[in-house]
Amino acid sequence: MNHPLWHERRGHPFIRFARLQLIFALGEQRVYLKWIGKLMLPIEKGDTGLTGNYYLGLDEFEDMSFAIHLLRQDDIFIDVGSNLGSYSLLASGVAKANSFAIEPVPATYDRLIQNIGVNFLGNKISAQCLALSTPSNSSNGIKGTSNNQQIAEVLKT
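Residue numbers for the sequence shown follow this note's numbering, so the first one is 1 and each next one is one higher.
It should be emphasised that the hints constitute simulated quantities derived from the structure, not laboratory data. From the three backbone atoms N, C-alpha and C, an ideal C-beta is built for every residue, glycine too. Each hint should be verified, as a subset may be incorrect.
To be verified - Listed below are the simulated DSBU-like cross-link pairs for lysine-lysine, each with C-alpha atoms no more than 30 Å apart in a straight line:
# : residue 1 : residue 2
1 : Lys38     : Lys96
2 : Lys45     : Lys34
3 : Lys45     : Lys96
4 : Lys96     : Lys34
As the list claims (entries may be wrong) - Label-pair distances were calculated between CB atoms; the ranges are:
#  : residue 1 : residue 2 : range
5  : Gly52     : Gln114    : 16 to 24 Å
6  : Val105    : Arg30     : 12 to 20 Å
7  : Gln21     : Gln114    : 18 to 26 Å
8  : Gly27     : Val80     : 30 to 38 Å
9  : Arg72     : Lys45     : 35 to 43 Å
10 : Ile15     : Val80     : 29 to 37 Å
11 : Leu70     : Thr48     : 34 to 42 Å
12 : Gly27     : Ile76     : 20 to 28 Å
13 : Ala25     : Ile76     : 21 to 29 Å
Please take these sequences and the hints and turn them into a complete structure.
Structure follows, in structure tokens:
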């Protein structure tokens, strides 16, 4: 294991992996695990991004640590394709930036909203169930519905 956070304790992520797998094998559907600072990870079986963050601390170490160290309080962070919100949670929960989390998949968006709520970051993270595109991906951008809301048509200006 060459992850920078576990240089001195290389076995620790494997212990975390075994612990979480045992919890799920015993029938738990969701667990709330401490992450960084006061952030919590509400993890369900199959949440690969969140589980990676639990096992390793920062699953995408270089990118995530860059965001944490670059952003300052009240900066604006735009998280396109936010999935369950790992980057938005870090940007707003650790760096205290204001985040816009954009997730197009309705079920994933619902979980994103839950993750923001569990971490009491509703005042720092604005989430939208929205698909973004450029005109090159579609002659008129993307149109559709999600959660009975119209998905915005995004055109290059």
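Right, here's what the structure says about each hint:
no., hint, in the structure
1, Lys38 x Lys96, "holds (12 Å)"
2, Lys45 x Lys34, "holds (17 Å)"
3, Lys45 x Lys96, "holds (29 Å)"
4, Lys96 x Lys34, "holds (18 Å)"
5, Gly52 x Gln114: 16 to 24 Å, "holds (19 Å)"
6, Val105 x Arg30: 12 to 20 Å, "holds (19 Å)"
7, Gln21 x Gln114: 18 to 26 Å, "holds (22 Å)"
8, Gly27 x Val80: 30 to 38 Å, "holds (36 Å)"
9, Arg72 x Lys45: 35 to 43 Å, "holds (36 Å)"
10, Ile15 x Val80: 29 to 37 Å, "holds (34 Å)"
11, Leu70 x Thr48: 34 to 42 Å, "violated (25 Å)"
12, Gly27 x Ile76: 20 to 28 Å, "violated (42 Å)"
13, Ala25 x Ile76: 21 to 29 Å, "violated (42 Å)"
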